[in-house]
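**Student:** Number 294 in the working numbering belongs to position 232 of the sequence shown; there are no gaps in the numbering.
You may find that some hints are simply not true.
Derived pair list, reagent style EDC-like, types lysine to aspartate or glutamate, alpha-carbon separation capped at 16 Å [as the list claims (entries may be wrong)]:
#	residue 1	residue 2
1	K211	D166
2	K85	D166
3	K85	D157
4	K131	D177
5	K85	D177
6	K245	D177
Derived CB-CB ranges, DEER-like [as the list claims (entries may be wrong)]:
#	residue 1	residue 2	range
7	E149	R91	18 to 26 Å
8	M234	Y89	22 to 30 Å
9	A112	V182	40 to 48 Å
Note that these hints are calculated values from the structure, not bench results.
Given the structure is predicted, the values throughout are model-derived calculations rather than measurements.
A virtual CB, placed ideally from N, CA and C, is assigned to each residue, including glycine.
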Amino acid sequence: MYVNTLINAASGQVSTLPISVLKVNGYFRGSTADRWLQIFDSCVAPVNPAVPMYEYPISQTSPFYCEFKNGELHLTEGLFVGVSTTEGTWTTSTDTMDVTVETDFKPVTTTIVGDKTTTVQTVAVWSQAAGSAALAAGTPKMLYGLIVKNLVAAVAYLVMYCDDAGTGTKVMTAVIPASTTVKLYFGDILSGGFRPSSISLVDYATLYYGCSVFVNSAMPANPVSVGSGGTGLGGANTGSNVQILAITN
Numbered sequence: 063m064y065v066n067t068l069i070n071a072a073s074g075q076v077s078t079l080p081i082s083v084l085k086v087n088g089y090f091r092g093s094t095a096d097r098w099l100q101i102f103d104s105c106v107a108p109v110n111p112a113v114p115m116y117e118y119p120i121s122q123t124s125p126f127y128c129e130f131k132n133g134e135l136h137l138t139e140g141l142f143v144g145v146s147t148t149e150g151t152w153t154t155s156t157d158t159m160d161v162t163v164e165t166d167f168k169p170v171t172t173t174i175v176g177d178k179t180t181t182v183q184t185v186a187v188w189s190q191a192a193g194s195a196a197l198a199a200g201t202p203k204m205l206y207g208l209i210v211k212n213l214v215a216a217v218a219y220l221v222m223y224c225d226d227a228g229t230g231t232k233v234m235t236a237v238i239p240a241s242t243t244v245k246l247y248f249g250d251i252l253s254g255g256f257r258p259s260s261i262s263l264v265d266y267a268t269l270y271y272g273c274s275v276f277v278n279s280a281m282p283a284n285p286v287s288v289g290s291g292g293t294g295l296g297g298a299n300t301g302s303n304v305q306i307l308a309i310t311n
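All chains should be modelled from the sequences, with the hints used to inform the complete structure.
**Tutor:** Below is the structure:
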């Protein structure tokens with residue numbers, strides 16, 4: 063069990079990865095009106111009027127406490143907690159609280175790339191230069207998760223590359239059903255996530271340590287081992303309308 067504390071805060075992102083809540087207790091500092099303590103299954107701050115996964119009424123200048131059995135309040139994306147001025151939906155409040163959240167494991171430090179509101183066709187999670195520099199420094203770049211929302215009524219195909227342009231170092235593909243959000247998580251979060259890397263199929267010498275994600279309207283061709291001077295991977299990135307959020311270190 064791990065304890066996470068927010069002092070004199072209206073809200074806070076406790077975890078950006080899946081986690082279970084065991085206890086929530088604290089003191090509501092607001093003195094003008096009762097509010098609602100809301101918990102969201104989200105790796106980023108909710109947008110008004112998002113619906114919380116759990117909420118609890120909190121009274122003016124009073125303590126509050128709630129407890130859950132292990133696994134009863136499991137969040138599949140992340141943990142955001144905050145004070146809302148409205149019941150049932152999130153409305154940002156300036157009222158503050160001191161709150162302690164007890165979880166089943168310690169949240170790791172992560173970085174969010176992209177978001178869940180902007181329509182894109184690709185996201186550069188980190189460049190090849192950044193990946194190579196991090197590896198040389200002994201702190202390799204890791205990918206913990208991807209959240210992809212397909213905005214069109216047709217199947218889309220997620221393709222991950224290790225270079226910056228998405229031209230020849232494909233390391234993963236996944237199907238994104240029509241009008242669906244898919245959440246992908248990689249490896250053991252506590253010991254390390256997924257480190258995309260590849261050796262060029264063209265010259266068998268060039269190493270790639272970047273991470274870029276494309277979402278296509280058609281499945282690209284599979285890797286073809288063609289030897290020196292060959293063309294490597296086939297298939298163009300044809301694009302699709304999606305929202306992409308990546309969780310990395």
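**Student:** Tell me the numbers of any earlier hints that the structure contravenes, in ascending order.
**Tutor:** Those not satisfied are hints 1, 3, 4, 5, 8 and 9.
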